[in-house]
Amino acid sequence: MTAVDRNARWRQFVDPAILFVILAILWEKAVDVFHIKPYLLPPLSKVVTAFWDTRATLLAESWVTVQEVVAGFFLAVVGGIVLGFVLHAIPPVRRALYPVIVIFQGLPKIALAPLMIVWFGYGITSKVLMAFLFAFFPVVISTMGGLASTPSHLIEHFKAIRATPWTTFRRLHVPAALPSILDGCRTAMPLAVIGAIVGEFVGAERGLGHLILEANANGRTDLLFAALVAVSIVAGILYFLVELAARRVWWRAL
Amino acid sequence: MDAAVATPPRTASPAVAGEAGIRVRDVAKTFGGASGVRALERVDFSIPRGQFVSILGPSGCGKSTLLRIIAGLIPPDAGGEVEILGRRQQGVSPEIGVVFQSHNMLPWCTTEQNIRLAAEVQGLAPAEIDKRVNDILPVLKLEKFRRSYPHELSGGMRQRAALGQMLVLQPQVLLLDEPFGALDALTRDQLNVELLRLWQLMRKTVLLITHSIPEAIFLSDRVLVMSERPGHVLDDITIDLPRPRDPRAAKLAPEFGRYVVQLGRLMGVED
Numbered sequence: 001m002t003a004v005d006r007n008a009r010w011r012q013f014v015d016p017a018i019l020f021v022i023l024a025i026l027w028e029k030a031v032d033v034f035h036i037k038p039y040l041l042p043p044l045s046k047v048v049t050a051f052w053d054t055r056a057t058l059l060a061e062s063w064v065t066v067q068e069v070v071a072g073f074f075l076a077v078v079g080g081i082v083l084g085f086v087l088h089a090i091p092p093v094r095r096a097l098y099p100v101i102v103i104f105q106g107l108p109k110i111a112l113a114p115l116m117i118v119w120f121g122y123g124i125t126s127k128v129l130m131a132f133l134f135a136f137f138p139v140v141i142s143t144m145g146g147l148a149s150t151p152s153h154l155i156e157h158f159k160a161i162r163a164t165p166w167t168t169f170r171r172l173h174v175p176a177a178l179p180s181i182l183d184g185c186r187t188a189m190p191l192a193v194i195g196a197i198v199g200e201f202v203g204a205e206r207g208l209g210h211l212i213l214e215a216n217a218n219g220r221t222d223l224l225f226a227a228l229v230a231v232s233i234v235a236g237i238l239y240f241l242v243e244l245a246a247r248r249v250w251w252r253a254l
Numbered sequence: 001m002d003a004a005v006a007t008p009p010r011t012a013s014p015a016v017a018g019e020a021g022i023r024v025r026d027v028a029k030t031f032g033g034a035s036g037v038r039a040l041e042r043v044d045f046s047i048p049r050g051q052f053v054s055i056l057g058p059s060g061c062g063k064s065t066l067l068r069i070i071a072g073l074i075p076p077d078a079g080g081e082v083e084i085l086g087r088r089q090q091g092v093s094p095e096i097g098v099v100f101q102s103h104n105m106l107p108w109c110t111t112e113q114n115i116r117l118a119a120e121v122q123g124l125a126p127a128e129i130d131k132r133v134n135d136i137l138p139v140l141k142l143e144k145f146r147r148s149y150p151h152e153l154s155g156g157m158r159q160r161a162a163l164g165q166m167l168v169l170q171p172q173v174l175l176l177d178e179p180f181g182a183l184d185a186l187t188r189d190q191l192n193v194e195l196l197r198l199w200q201l202m203r204k205t206v207l208l209i210t211h212s213i214p215e216a217i218f219l220s221d222r223v224l225v226m227s228e229r230p231g232h233v234l235d236d237i238t239i240d241l242p243r244p245r246d247p248r249a250a251k252l253a254p255e256f257g258r259y260v261v262q263l264g265r266l267m268g269v270e271d
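Line by line, the protein sequences are chains A and B.
Per my numbering, numbering of the first sequence is gapless, rising by one per residue and ending at 254.
Per my numbering, numbering of the second sequence is gapless, rising by one per residue and ending at 271.
Hints listed in this document are in silico derivations from the structure and should not be mistaken for laboratory results.
Each residue gets a CB set at the ideal place from its N, CA and C atoms; glycine is no exception.
All the given hints hold, so there is nothing to weed out.
Quick list of in silico lysine-lysine cross-link-like pairs, DSSO-like style, CA-CA up to 30 angstroms:
hint, chain 1, residue 1, chain 2, residue 2
1, A, LYS29, A, LYS46
2, A, LYS159, B, LYS131
3, A, LYS159, B, LYS141
Example chain A residues on the side facing chain B (calculated, C-beta under 8 angstroms, incomplete):
hint, residue
4, LEU154
5, GLU156
6, HIS157
7, ALA160
8, ILE161
9, ARG162
10, ALA163
11, PRO175
12, TRP251
Can you build the whole structure from these sequences, using the hints too?
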């Protein structure tokens, strides 16, 4: 690694950090200078204090939300890939089901949250299903897109070497579709977080979404901000994990 | 045309009497039903075992369609048939290896993995595959690149690897559809010399599709000239140049020039 490379890598972290510090100072000072009421925007120091004081609660509620998101995301990925493959492989099913899927995708999933609560209660199940609903369709669409984009000359090559359909599927279609599938997963993960939080908003006893509503109702804007920080940390970590998995499919960048 | 088929040129390897490498009988092809596009019009020729034959024709004349029919990838219209080594072609046969213009390498596999693929698909023993791959890599000058991925190879190396992908099954009949068509002229010439060297080593039956007149003359025992769509064989020219052929010497020979003029006229090129 050359000195220039090392410098570039170092600056990659330093530049955002500088911006962050500037914004933090502006936040802290602006609240003071403009006499903003703390229930509208608490000073940053208050938010940091609230975060530290309620760290045990934040961790516990984050853990609930993480479970909902991960379970919903996992179901969406497995179900989405399976449905994507089925729709690609069986044209009659595709013709019958694809319009239904398009209509469902156009439906605002938020509108389904009350129904999920009515059907599955205040517990974790309704939130898992909300996360699933948000994350499912991008995975289906990206799986179908990935399978359809398998280069035709490679399909012909597999025919020419007399590969069975199963071999062609395993050694050509799956690896060819993986980059697109992983792009779908990268879209799906933040959507799963939204789904779980929306579910918690509509009816829950646990989770970060519930904590946000509770802090709001109690006029604890500092705690609300602390919960928002926790949400972004959770979302960031989960997205990073998907990104790590996506990097293993290095040929997507080609 | 029939006369040329009856008397194989002296450059052909000692063929088994009566058994052609490739026999094409009354092959026609219409796409999209009876009222559809007629791509091929009654094509009929035979290639003795071990002969190197080129099909020369303008683009869109149906020569790639003909090659796909011979490869068994698409069926001819009713009434036509293809025989490979005396056996009637039904679907893709293991005696045939095909190379297309666009390389067939999987981007997520190394050169070696790509060459092994066809043999693995056929269920060959791993030890046998190892042996074949170790034989092929040096011949194709790809030993140093066995662990490289396609995007790390040059266009010429990729087409050499594509030859390896086909050779690993040890086919008796090679069908090449402008295998070096997408490469620059210099790389193309080099690969043609190597292809000729390979052929002299293995003496397989080769059918090459090209639209380059010098390439067809330099490589082939015979050149079949195809017409515009719907394609049929206009003429069958025996290339009577000594082998082994050296690219520079061959192109300077007066006969070479005469063949260029003759084939150019058949293809409608002004001279």
